[in-house]
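J.: Quick mapping for you: the protein sequence lines, in order, are chains A and B. The opening residue of the first sequence carries number 1 in the numbering used here; numbering runs sequentially from there. The opening residue of the second sequence carries number 340 in the numbering used here; numbering runs sequentially from there.
Just so you know, the hints here were simulated from the structure itself, not pulled from any lab data. Fair warning: there could be bad hints in the mix.
[Claimed, not checked] Keeping only pairs whose Cα atoms sit at most 20 Å apart, straight-line, the calculated DMTMM-like set for lysine to aspartate or glutamate is:
id	chain 1	residue 1	chain 2	residue 2
1	B	Lys341	A	Asp240
2	B	Lys720	A	Asp240
3	B	Lys341	A	Glu54
4	B	Lys341	A	Glu263
5	B	Lys341	A	Asp53
6	B	Lys521	B	Glu470
7	B	Lys519	B	Glu721
8	B	Lys341	A	Asp265
[As the list claims (entries may be wrong)] Rough simulated footprint, nothing fancy, chain B against chain A, three-plus residues with beta-carbon under 8 Å:
id	stretch
9	71–77
10	273–285
C-beta atoms are modelled at their ideal positions from N, C-alpha and C, and glycine is treated no differently.
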Amino acid sequence: MDLALTEEQTWLREAVGEMLARSAGDDGLVPASAGDALWRELVEFGALEVGGDEGLGAVELALICWSLGGRLAAVPYVDSASLAYVAPGHGRAALGLSEPGRSFAPAEPSASLDGVRITGKKSAVAFAAAVDGVAVTAAGPDGHVLVLVAPGAGLSIEPEPTLDPTLQPARVSFDAVEATPLADGSVVAPLAAVAGVLAAAEAVGAAAAVLDLACAYAAQRRQFGQTIGRFQAIRHLLADMYVKVESSWSSVLYAAAALDERELDSLRTASIAKAYAGRATHEVAHSALQVFGGIAFTAEHPAHRFLRRIAVRSGQFGTPREHERSLGRSLAQRLEIPA
Amino acid sequence: MKLALEPEERELRDEVREFLAEHCPDPAELPHDLDERMAYLRRWQARCYQAGYVGRAWPAEFGGAGRPTVEQIVVDQEMASAGAPERVAIVGLDVLGPAILAFGTDEQRSRYVAPILSADELWSQGFSEPEAGSDLASLRTVAVETDDGYVINGMKTWVSWGQFSRWCGVLARTDPDVPKHKGISLLIVDVDSPGVEMRPMEQITGHAEFCELFLDDVLVPKENMLGRPGQGWEIAMHVVAHERGTAALPRQVTLRTWLDRLVADAADLQRDGAPVLAGEGAQAALAGALIQIEVLRHHATRTMSPFLNGGAVGPESSGVKLLMAQAEQTLGMTALEVLGDAAAGEFWHERYLYSRAASIYGGAQQIQRGIIADRVLSLPKE
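Isolated chain A (complex conformation) (with noise of 0.2 Å):
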C-alpha cells in the first residue's frame, strides 16, 4: 500500500527528465527536429527494455511518458512501450487498436487474417508512417490476434487530420498484407489497458508543465495594479488545476502498479484512470488557456501546443465517455437485470 517512488525510480525519472532537458530548445520543449535523435538517445538507455528482473515494467513506462509529456517530445515511446509490455522485442512500433467509423473496441476487430494476410483498416495510428512496424488486431480463423505488419509489406498510409499533428496519426490500410503473429488475442485487452495508462502518463506530464507556465504567468502578470495570482478567482482556478493533476498522476501510478502486480482488477483499474486522467488533464488545459487569457491564441504561444497534445492523448486508447460507458455497464451489469 505505498505509491512512492523507490530509489531507482527516482533515478530514472530524473535522468530521463536530463535527457529530454538537453534535446529541449529555448522554450523547454523538444522540437521536432530532434525527434529522431531523442529516440536513439531513450532505446540507448534502455527504454524499451521491458519485464524480467532487470527491466522496466508499466510505473517506469509511466515515469518516462509522463517526462516526455511535459516536454511535449514527438516520439512514438507511448505506442512502441506499450507493445514491448506484452511482447518484447519489436523497436519502433505503433499500435492499431482502433478502426475507423468505431467506438474504441480492440477486442473486437473487424480486420481480419486469412493464413498470414492481414485486411481491413486502423485509424488514429500515430506514427504511422515512421516506425518499424504496426501491430494490428485482428479476427482470424482461430479467434482474434495481434499481428506486426511492416511498412514495406504494401500497406497504404494516409495522415488523418488532427488536433496534434505532431503526433503524425494516420489511416493505414491492409488488403492482404503479409503479417508476422505476434500473440493470440488474450494480449488485446492488457494492451489497450497499459497503452491507454501510458497515453494519460503523458497527458498528466503535459498537464503539469502547463499547469506550472500558467503558475509562473499568474505571479508575473499585472492588472488593476497587482500580479493576477492574487485574485481568488485565479487562484482557486490554479488549486483546482493542481487537484486534477496530482490526482491524475496518482491514478495514473496506482493503474500501473497494478498492471505490475497483476492485480485481479488491474485491466479495470487501467479504465478508471485512463477515463479520469482524460477528463481531468483535458480540464487543465482549457483552464489554463483562461489563466492566459487572449495571449494563449497566439500561434507561437506555447498553450496551445500542449492543450492539441493532452485533448489527443485524451481520447487516444478509448475517450473518457467510452471508458465510463463500459465501467457503467459492468457495474450495473455485476446484480442480475431483470430483462
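Assemble chain B onto chain A, guided by the hints.
T.: For chain B alone, kept in the frame of chain A given last:
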C-alpha cells in the same frame, strides 16, 4: 512502490476479518435512542481496543499497540469494508489524541491517551465560533491567566459530540497583543467544570451531532495547557492537516460499500417499464461516482505514502480533502438521481444531506484551495 499488502499485513487483515465475522454488530442492532446508541458504540470501540484494533500505531507506553502506521490503515479499511460502526471517540482519535501525543507532556500523555483508545473518555473540539468560522484565527474566546489557572470566557460552535464528551480541546486567545495566529493557545477543558454549558443543535439530517458550547468564567488548571502558550494555532493546523490525509482511506472504503448498496437498491427499480440500471444515464452516473471514489483511493494512497514511510503529510492533504468531499457529494447526488426521491428513502436522504457538509467541515473547500494556492503553488498572497 507496492500496492499488495506485505505478508504480515495480509495476516492482520485476515485476523480482522475473522474478528468482524464473529463480532461485527448488525447495523439494525444499533439502538435508535441517541444515549443508548452512544453507550453501545462505546462498548464496541472498547471491544475493538481490547482486540488491538484501536490505536494500533500509537506508542505502547501510552496504551497503543506500537505497530507500524500501515497496520491501522489495514484495520480501518477492513472495518469500513464490513460496514462496522464508526469509532465513537473519533474526535479524540483523529484530532486531540494525536495533538497530545505530538505536543503534550508525558503527564498529559499518561493521563489522557489510553482512555481515548478505550472510549472511556470522549473528547470534543472547541475550535469554531459563531464569528470565527473559516477565519478561525480571529476567534474571540479568551483565556486569562490568574494565580489559580486560566479563566476562559466565550462561545464555541460545531462542537461535535460535545454533549457526550468528558474533555474539550478549546482554542482561546491568551495574548491579545500579538498577531492573531500567535496569541492562541489550546486548553484542555473539563466539561464538568462550573460555567461550561453544552447545548445540542439539530442538524439538517435530523440528528443532534453537534453542540454550541458556552464558557462562562471557566477555570482551567495551568497544567491543562497543551504545548506552549501561543502554540495553539500551530497545533490545530498540524493535526487538522494530518487528519485530512488519514481519514480519507477508510472513508473511501465506506463510500465504496455505499456505492455497492446503491447499485443493489437500484436493481429492482423500473422506470418507463424498463430496469433503471439498464438506462445509459443511470450507468453513466454510477460510473462517475465509481471513478471519483476510486481516484480518491489512488490519490490518498499516494499522498499518505511519505507518512507511511516515516515522513509527514503537509499541505498536499488539502487536495485529498477536496477530492473526498467531491466523491462523497457525487455519490449522494448520484443516489438521488438514479433512485429518485421516494426510492432513495431515509438512508440515502441522510447520506445526501450529510454529504453537503463535506465541503464545509474541517476547513471549507475555499479554505483548502487557498492553502494549496499559498503553500503548494506558492502563488502571491491574496
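J.: Next pair to validate is lysine 341 of chain B with aspartate 53 of chain A; report whether the Cα-Cα distance is within 20 Å.
T.: holds, 15 Å
J.: Taking only the CA atoms, is the gap from lysine 341 of chain B to glutamate 263 of chain A under or equal to 20 Å?
T.: This hinted pair holds, its Cα atoms lying about 11 Å apart.
J.: Straight-line Cα separation of lysine 341 of chain B and aspartate 240 of chain A no greater than 20 Å?
T.: violated, 28 Å
J.: Quick one, are lysine 341 of chain B and aspartate 265 of chain A close enough, alpha carbons at most 20 Å?
T.: holds, 15 Å
J.: Are there three or more residues in the stretch 273–285 of chain A whose C-beta lies closer than 8 Å to some C-beta of chain B?
T.: holds (count 3)
J.: Take a quick look at whether lysine 519 of chain B and glutamate 721 of chain B sit within 20 Å of each other, Cα to Cα.
T.: holds, 17 Å
J.: Against the 20 Å threshold, does the CA-CA distance of lysine 720 of chain B and aspartate 240 of chain A hold or violate the hint?
T.: Holds, at roughly 17 Å.
J.: CA of lysine 521 of chain B to CA of glutamate 470 of chain B, is that 20 Å or under?
T.: Distance ~19 Å between lysine 521 of chain B and glutamate 470 of chain B Cα, so the pair holds.
J.: For the stretch 71–77 of chain A, do at least 3 residues have a Cβ located nearer than 8 Å to some Cβ of chain B?
T.: violated (count 0)
J.: Given the proposed pairing of lysine 341 of chain B with glutamate 54 of chain A, does the C-alpha separation stay at or below 20 Å?
T.: holds, 17 Å
Violation of the numbered hints given earlier is confined to hints 1, 9; the remaining hints are satisfied by the structure.
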